[in-house]
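**Student:** Chain by chain, the residues run as shown.
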Amino acid sequence: MIELHGLTKRYGEKLAVDDLTVTVRPGVVTGFLGPNGAGKSTTMRMVLGLDTPTSGTALVGGRPYARHAAPLHEVGALLEAKGVHPGRTARNHLRSLAATGGVAAARVDVVLELAGLTAVADKRVGGFSLGMGQRLGVAAALLGDPAVVMLDEPVNGLDPDGVLWIRRLTRGLAAEGRTVFLSSHLMSEMAVTADHLVVVGRGRLQADLSTADFIARAGHESVDVRSPRAGELRDLLVGPDVTVTSRERDRLEVVGLPAEAIGETAAAAGIPLHQLSTVRPSLEDAFMAVTGDTREYRTDQEVTAA
Amino acid sequence: MSTDTIRTPPTGRTTTGSAPRVTAAGLLRGEWLKLRSLRSTWWTLGAGLLLMVGLGALISGTYTPGAQGPDGGGAGAVVDPVTLSLSGSGIAQLLVAVLGVLVVSGEYSSGTVRGTFAAVPRRWPVVAAKAAVLGGVLLVTTTIAAFAAFSLGQVTYGSGAATLSTDGALRVVVGTGLYLTGVGLLAMAITWLLRSTAASIATVVVLMLVLPAISGLLPDSWGDVLEKWLPTQAGSAIMTLVTDSTMFSPWAGLAVMVGWVALLFAAGTALLRRRDV
Numbered sequence: 001m002i003e004l005h006g007l008t009k010r011y012g013e014k015l016a017v018d019d020l021t022v023t024v025r026p027g028v029v030t031g032f033l034g035p036n037g038a039g040k041s042t043t044m045r046m047v048l049g050l051d052t053p054t055s056g057t058a059l060v061g062g063r064p065y066a067r068h069a070a071p072l073h074e075v076g077a078l079l080e081a082k083g084v085h086p087g088r089t090a091r092n093h094l095r096s097l098a099a100t101g102g103v104a105a106a107r108v109d110v111v112l113e114l115a116g117l118t119a120v121a122d123k124r125v126g127g128f129s130l131g132m133g134q135r136l137g138v139a140a141a142l143l144g145d146p147a148v149v150m151l152d153e154p155v156n157g158l159d160p161d162g163v164l165w166i167r168r169l170t171r172g173l174a175a176e177g178r179t180v181f182l183s184s185h186l187m188s189e190m191a192v193t194a195d196h197l198v199v200v201g202r203g204r205l206q207a208d209l210s211t212a213d214f215i216a217r218a219g220h221e222s223v224d225v226r227s228p229r230a231g232e233l234r235d236l237l238v239g240p241d242v243t244v245t246s247r248e249r250d251r252l253e254v255v256g257l258p259a260e261a262i263g264e265t266a267a268a269a270g271i272p273l274h275q276l277s278t279v280r281p282s283l284e285d286a287f288m289a290v291t292g293d294t295r296e297y298r299t300d301q302e303v304t305a306a
Numbered sequence: 001m002s003t004d005t006i007r008t009p010p011t012g013r014t015t016t017g018s019a020p021r022v023t024a025a026g027l028l029r030g031e032w033l034k035l036r037s038l039r040s041t042w043w044t045l046g047a048g049l050l051l052m053v054g055l056g057a058l059i060s061g062t063y064t065p066g067a068q069g070p071d072g073g074g075a076g077a078v079v080d081p082v083t084l085s086l087s088g089s090g091i092a093q094l095l096v097a098v099l100g101v102l103v104v105s106g107e108y109s110s111g112t113v114r115g116t117f118a119a120v121p122r123r124w125p126v127v128a129a130k131a132a133v134l135g136g137v138l139l140v141t142t143t144i145a146a147f148a149a150f151s152l153g154q155v156t157y158g159s160g161a162a163t164l165s166t167d168g169a170l171r172v173v174v175g176t177g178l179y180l181t182g183v184g185l186l187a188m189a190i191t192w193l194l195r196s197t198a199a200s201i202a203t204v205v206v207l208m209l210v211l212p213a214i215s216g217l218l219p220d221s222w223g224d225v226l227e228k229w230l231p232t233q234a235g236s237a238i239m240t241l242v243t244d245s246t247m248f249s250p251w252a253g254l255a256v257m258v259g260w261v262a263l264l265f266a267a268g269t270a271l272l273r274r275r276d277v
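Protein chains in written order, with UniProt numbering: chain A, 1 to 306; chain B, 1 to 277.
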């Protein structure tokens, strides 16, 4: 369990994190979503006591992280930076971290295996790909067998295999009753991995809701229909819960009816269809709707368009 | 990933057994592992100590009594076989200082420091453990190198060579190890304050080489004080066979150097506890 109360971090004039109050519950995967520069990494560093909040508190398991007798057993974290000396082997990195944190040396082999790094354990980290570096970071996070697993952009640089691995691993960790808190700027990835979403923009909380609710906010599913007799079809489709809009003469956008029903109606009336496709709301659209204009970095073009 | 791993995640949170706990022994073991698992440690230290022994032997062997001293000093320079055999320590101190910097700055530049301080939120025990490990390694290795340089230097010096029972010789040899250990710790303390490799090495060089060199250009009253009290100037008294009135006595000089190191460590630790990582 992570509890943030009015957490604020100010760097000079800039509020990196602005009055963030959120509870991250155990047993589910919580996605921490926001554009780059939204304050996600800063928030995670404050949870670990690495950065001191300007005001507010961050509690882990009911108390500040630094007050725990066994910090690595409380929170295991992968922070954005690779965080490993390039001249050290993966095994030596983990062994030294284990010794420093008072973790049994036997855990090193367990987490190496878990991260799929056993074969390269004695290679120096400088030669690792970004994906292998991420795997090592995850291995380090799990070293202390922590109650809370906090990963900053874990899928960054991972190949599809690695992305799948992270997804299964984090779901497994949550199923074991741990608190899993993952940050990402990739909506599509969070939609399939996280059960719950905490969305931030410009350091401020934008939304704190279940992934299902978030997706529902993106809008309704619609069906894109093209037919030379679009006008006739339209009259057959409209009903109390169905809305049909038309932007082109031979094209309809139908909300409220599944594609199957539309196809059958058209077939029954002998109306030819040139296209019948379901359009799912874009998660990116939902993300944009929630974060609004809070993105830190935009191209001039976007600003002009906005 | 096999499906077995997914079905029964081996991450299973242990309910039995003891929770990890930060201990002094663990911290020391962790720092020792970090130090010895980097090739740069052995290159830097090895190069420094080999140069120290090699140069000492070379300079002792090529020295002709009555000619100019090794540092270009004229007839007034005190040149004795003890000092000659240990003259490589001037080079060794630079490499030892670089090692002291790298042990700390390497954590910052690689980001390892976040993991380290996440494991030890109180932070100061890490400072203490790093100092203890580096100090221990330097004390052992530089003392061995000092004895080696002395012994080999006496062999190459030939007739008139000193022995350890020569007045002050043992103190100078042991003192060389102590001094070099002090230099490594001084550089380490400075790096806790400055964090970056470049800034720390530059500062150490200014402190060890530039300031002593320009102290002669300052007005006498300032220059004399500076020359006497600078950490490495004061500390080097322990390696000087015959100290003069402008210097501290050997052990007092070493105490001044230790004072500097302690002060810088205290400042670095105080800053570290308040600063964001």
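Since the hints were made in silico from the structure, they are not lab data.
Just so you know, even glycine gets a beta-carbon here, dropped at the ideal spot from N, CA and C.
Be a bit skeptical, because a hint or two may be false.
[Unchecked claim] Chain B is faced by these chain A residues, among others (derived, beta-carbon under 7 Å):
| hint | residue |
| --- | --- |
| 1 | R91 |
| 2 | N92 |
| 3 | G239 |
[Stated by the list, open to error] Covered by chain B, according to a simulated footprint, are these stretches of chain A (three or more residues, beta-carbon under 8 Å):
| hint | stretch |
| --- | --- |
| 4 | 12 to 25 |
| 5 | 102 to 110 |
**Student:** Next, verify each hint and record whether it holds.
**Tutor:** Each hint tested on the structure:
A least Cβ separation of about 9 Å between R91 of chain A and chain B goes past the 7 Å threshold, and the interface hint is therefore violated. Interface restraint check: N92 of chain A against chain B, minimum CB-CB distance 4 Å, threshold 7 Å, status holds. The closest approach between the C-beta of G239 of chain A and any C-beta of chain B is roughly 46 Å, which is over the 7 Å cut-off, so the hint fails. A count of 0 residues in the stretch 12 to 25 of chain A with a Cβ less than 8 Å from any Cβ of chain B is obtained; the coverage claim is therefore unmet, three being the minimum.
Residue count for the stretch 102 to 110 of chain A with a Cβ under 8 Å from a Cβ of chain B: 4. That meets the three needed, and the coverage hint holds.
In summary, the numbered hints that this structure violates are 1, 3, 4.
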